[in-house]
Structures are given as structure tokens and as C-alpha cells.
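Peer 1: So the sequences go chain by chain: A and B. Last residue of the first sequence: 283 in my numbering, with the numbers rising by one and none dropped. Last residue of the second sequence: 283 in my numbering, with the numbers rising by one and none dropped.
Take these hints with a grain of salt, some might be off.
The list treats identical chains as one, so a pair stands whether inside a single copy or across any two.
[What the hints assert, rightly or not] Simulated crosslink set (DSS-like; lysine-lysine; CA at most 27 angstroms straight-line): (1) K210 / K137; (2) K210 / K224; (3) K264 / K137; (4) K224 / K254; (5) K224 / K73; (6) K264 / K169; (7) K224 / K264; (8) K137 / K55; (9) K115 / K137.
No wet-lab data here; the hints were simulated from the structure.
One letter stands for each residue in the lines below.
2 protein chains.
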Amino acid sequence: MASQKTLLVIGGCGNLGRSVISKFKSNWNIASIGLNNNNESNKNIILPQNQSASQYVNEVKQQLKSFSSSYDAIICVAGGWNGGSIKDSNVFETYHRMHSVNVIPSILAAHLSTHFLNKNGLLVLTGAGGIINNPCHDMIGYGLSKVAVHSLASTMAVSKDMPEGSTVITILPKVIDTPQNREAMPDSDFNTWAKPEQISGLLKMWAEGNNLPKTGSFAMLNVQNGSVVPEYI
Amino acid sequence: MASQKTLLVIGGCGNLGRSVISKFKSNWNIASIGLNNNNESNKNIILPQNQSASQYVNEVKQQLKSFSSSYDAIICVAGGWNGGSIKDSNVFETYHRMHSVNVIPSILAAHLSTHFLNKNGLLVLTGAGGIINNPCHDMIGYGLSKVAVHSLASTMAVSKDMPEGSTVITILPKVIDTPQNREAMPDSDFNTWAKPEQISGLLKMWAEGNNLPKTGSFAMLNVQNGSVVPEYI
Chain A
51 MASQKTLLVI
61 GGCGNLGRSV
71 ISKFKSNWNI
81 ASIGLNNNNE
91 SNKNIILPQN
101 QSASQYVNEV
111 KQQLKSFSSS
121 YDAIICVAGG
131 WNGGSIKDSN
141 VFETYHRMHS
151 VNVIPSILAA
161 HLSTHFLNKN
171 GLLVLTGAGG
181 IINNPCHDMI
191 GYGLSKVAVH
201 SLASTMAVSK
211 DMPEGSTVIT
221 ILPKVIDTPQ
231 NREAMPDSDF
241 NTWAKPEQIS
251 GLLKMWAEGN
261 NLPKTGSFAM
271 LNVQNGSVVP
281 EYI
Chain B
51 MASQKTLLVI
61 GGCGNLGRSV
71 ISKFKSNWNI
81 ASIGLNNNNE
91 SNKNIILPQN
101 QSASQYVNEV
111 KQQLKSFSSS
121 YDAIICVAGG
131 WNGGSIKDSN
141 VFETYHRMHS
151 VNVIPSILAA
161 HLSTHFLNKN
171 GLLVLTGAGG
181 IINNPCHDMI
191 GYGLSKVAVH
201 SLASTMAVSK
211 DMPEGSTVIT
221 ILPKVIDTPQ
231 NREAMPDSDF
241 NTWAKPEQIS
251 GLLKMWAEGN
261 NLPKTGSFAM
271 LNVQNGSVVP
281 EYI
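Using the sequences plus the hints, can you model the full thing?
Peer 2: Pasting the structure below:
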């Protein structure tokens with residue numbers, strides 16, 4: 051137990067979050083923050099859906115502290131996607147949803163990292179490969195929210211509030227191979243999509259200090275030969 | 051009257067908004083959206099402070115339509131600044147405030163442009179000169195909110211939902227010479243700051259079709275020889 055490292059996953063109940071927890075659980079202590087319980091996690095913190103982040107953040111910090119005084123890796127894989135253009139009559143609803151699921155958990159991860167991440171620890175944020183050098187009229191809320199995540203990541207990589215020797219990496223998935231995406235795009239070639247367990251394998255390699263790119267790296271997650279290959283941009 | 055052009059100002063009660071309305075009122079019809087009345091504006095739409103944008107947007111569109119079926123220029127000069135780092139215990143309060151005053155009015159301006167801007171019309175958004183190529187640890191909420199505005203501007207400049215021939219310009223002020231900024235930074239050389247009436251003079255030149263930069267331009271507002279000089283980046 052003393053030698054076990056401690057992981058915090060934000061978004062531990064999503065497709066990617068569940069895969070991360072499954073992959074790490076053999077030799078890591080895990081706390082999960084999410085909208086539901088993840089039974090494979092050692093500790094679960096359920097976010098109250100009727101509260102804003104400013105209301106629940108102190109309680110989250112108390113609970114994290116009671117589980118572990120510090121964390122070796124903080125991985126934010128919360129997120130979601132919605133299409134829609136700026137002209138749509140429901141543009142604010144769509145935008146608010148994207149902002150809630152993509153930006154707020156990332157700010158939470160960054161904030162918690164300044165308080166709980168160990169020296170030489172790892173912070174991972176989840177950006178979006180599809181919006182790099184791509185105007186995003188057809189998914190305006192998603193695009194704006196992910197741009198904010200990318201900017202946050204760049205700032206955290208040079209933040210004086212981050213622990214010494216820490217590394218900030220932003221993964222930039224394109225399409226992830228989830229049941230929902232298969233249902234939404236049934237005619238696609240699923241072999242060109244990154245599988246959650248491939249991504250979580252990559253994250254575990256980095257979290258264990260192996261083959262880690264420099265802090266501030268943005269890793270486009272390409273698929274080649276049935277494997278996820280990061281392309282640093 | 052028939053030959054008068056019509057302007058919509060978002061943020062018509064702020065320092066810059068009041069200056070824009072003063073500058074344009076001699077020969078433009080003006081509607082102002084803001085938190086208060088601007089007596090120099092021909093039409094005022096007051097945003098209810100206890101409602102979200104998704105709640106008030108339809109009423110705003112009804113009122114705009116009743117004032118004019120279309121607008122020649124839509125200028126968003128709403129905005130605000132707060133410092134604060136990601137580690138601060140009140141980071142979410144600060145972020146939410148910056149998001150409300152900087153991002154939401156810009157999305158409103160962009161959305162309204164797709165519905166009400168004339169052919170060859172002008173949309174102006176207000177970004178931030180200080181965050182260009184600058185990590186913003188000391189003003190994390192401000193930085194994240196303005197990055198979203200810049201991204202929105204880039205998207206709008208190539209949006210198929212914008213009217214034919216329209217131009218999108220983003221101004222990037224550094225420090226604006228306002229009473230509040232003089233009070234906050236009393237030892238600064240105020241001559242190096244852009245004055246609201248200089249900025250609104252520039253905006254009027256563009257809105258009247260004179261010396262307009264190409265759509266998608268980002269104009270850093272430098273001060274030289276007591277005058278604001280745009281530097282396109």
C-alpha cells in the first residue's frame with residue numbers, strides 16, 4: 051500500500067473514465083469524481099447536479115484530502131459533444147451544456163492540481179483534435195468550450211502554482227470508439243477510431259513516468275496499425 | 051431618416067459603449083443592449099439580471115425586430131476584467147463572472163448578427179491585447195473568457211450563417227483610459243492608454259465602410275502620437 055501511487059480521475063463514469071480506472075486499478079489507489087459511482091474506484095465523489103462548481107468545490111477538496119494528502123496523477127476525461135451553429139435558436143442551451151461538461155471539469159482538475167498534485171506529478175486534460183486549425187461552425191458550443199480547455203492547458207504548463215517538476219499533457223482525441231459513437235456513425239470504419247483502452251494504456255505509461263513528453267505537450271491521438279500514436283503539435 | 055444606418059451596441063452602458071453611442075448618434079439610429087439605460091440611444095433593451103441568456107434571447111430578438119428589421123453594424127463592447135489565479139479558493143466565482151461579462155455578450159452579438167446583420171454589415175467583437183502570446187496565470191478567468199471570444203471571432207469570419215459581404219473585426223485593447231483604470235493604476239502614464247473616444251472613432255470609420263480591414267482581422271490597439279493605431283496580428 052505504501053508504494054502504491056494515487057490517481058484522481060475526473061469524469062470516472064464516462065467511457066474513457068471507466069477505462070482509465072480499469073487500467074490503473076491493479077496497482078494504483080483511485081479516487082473518482084463524477085456524476086455517478088464507479089465501483090472499481092477506491093473512492094467516489096459524486097457531484098451534486100443542482101450545485102455550481104463554486105458551491106461544491108470546498109466539499110470536493112475535503113473529501114479528496116480525507117482519501118489522500120496528495121495525488122501522483124490527476125486525469126480529467128470528463129467531456130461531451132453537441133453539434134449546432136451560432137444561428138440556432140437554442141444556441142445558448144447547447145453552449146451552456148458544452149461549457150458545463152468540458153470547461154468546468156477541466157478548471158476543477160487544474161485547480162485541484164495546484165492543491166493536491168505531488169512534485170513531479172502528472173496533470174492530463176482532454177482537448178479536441180477535431181477543432182485544431184478548423185473553424186467549428188457546425189459545433190460552435192463544443193468548439194468554444196474546447197478552445198478554453200486548450201488555453202487552460204497552456205497556462206497550467208507554465209503556472210507557478212503547479213508543483214515542481216510536474217507535467218501537463220493535453221490529449222486531443224478525434225473520434226473515440228464508444229457505443230454512442232458507433233450508433234451515431236454506423237457507416238464509419240471503426241478501426242480508424244481510438245479505443246478507450248488504448249488511450250488509457252497511453253495515459254498509464256505516462257502516469258508511471260515512462261516515455262513522458264515535455265510539459266505543455268498537446269498530443270493528437272492518431273490511429274496507426276490498430277494502435278494509438280500521439281502526434282505532438 | 052431613410053438614409054440613416056442602424057447600429058446595435060451590446061454593452062451600451064460601459065465606458066466604451068457610452069463613447070460609441072455618443073460618437074455614432076449624430077447620423078446613426080442606435081439600439082443599445084445593456085444592464086441599464088443609455089439616454090443617448092434611440093432604443094434600449096435592458097437585460098434582466100436574474101435570467102440566463104437562453105431565457106432572455108427571444109425577447110431581445112423581438113425587441114430588436116420591432117426597432118429595425120436589420121442592422122448595418124453590431125458592436126459588442128461589453129466586458130470586464132478580474133485578476134486571480136487558478137489556485138484561488140474563489141476561482142470559480144471569478145471565472146463565472148468573467149464568463150458572464152465577456153463570453154455571453156459576444157455569443158449574443160454573433161447570434162444576433164446571423165439573424166439581423168445586413169449584407170456587407172460589420173460585426174465587431176472585443177478581445178484582449180494583453181493575452182496574445184501571454185500565459186495568463188494572474189488573470190485565469192479573464193484569459194479563458196477572452197480566448198473563447200477570439201475563437202468565436204475566427205469562426206464567425208468564415209461562418210456560412212453570416213450575411214454576404216459582411217466583415218468581422220476583433221479589437222484587442224490593452225489598457226483603456228477609464229476612470230476605473232486610472233484609479234487602479236494611478237502611477238501609470240495615461241498617455242500610453244487608448245481613450246474610449248479614439249477607439250469609437252476607429253469603429254465609426256470602419257462601420258461607415260471606410261478603410262476597413264479584411265474580415266477575420268484582429269486589431270491590436272496600440273497608441274502612437276496620441277492616437278490609436280491598429281496593428282493587425
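Peer 1: Next, verify each hint and record whether it holds.
Peer 2: Comparing the hints with the structure gives:
For a Cα distance limit of 27 angstroms, the shortest separation of K210 from K137 across copies, 10 angstroms, qualifies, whereas the shortest one inside one copy, 40 angstroms, does not. For the identical chains of this complex, K210 and K224 are inter-copy neighbours only, at 24 angstroms across copies versus 31 angstroms inside a copy, given an alpha-carbon limit of 27 angstroms. Only between protomers do K264 and K137 lie at most 27 angstroms apart by alpha-carbon distance; the minimum there is 22 angstroms, versus 40 angstroms within a single protomer. In this homomeric assembly, K224 and K254 come within 27 angstroms of each other (Cα to Cα) only inside a single copy, at 20 angstroms, whereas the closest approach across copies is 43 angstroms.
For a Cα distance limit of 27 angstroms, the shortest separation of K224 from K73 inside one copy, 21 angstroms, qualifies, whereas the shortest one across copies, 47 angstroms, does not. In this homomeric assembly, K264 and K169 come within 27 angstroms of each other (Cα to Cα) only inside a single copy, at 15 angstroms, whereas the closest approach across copies is 48 angstroms. For the identical chains of this complex, K224 and K264 are intra-copy neighbours only, at 22 angstroms inside a copy versus 32 angstroms across copies, given an alpha-carbon limit of 27 angstroms. Taking identical chains as interchangeable, the C-alpha atoms of K137 and K55 lie at most 27 angstroms apart only when they sit on different chains, with a minimum of 23 angstroms there against 48 angstroms within one chain.
Proximity of K115 and K137 under a CA criterion of 27 angstroms is satisfied inter-copy only: 16 angstroms between copies versus 45 angstroms inside one chain copy.
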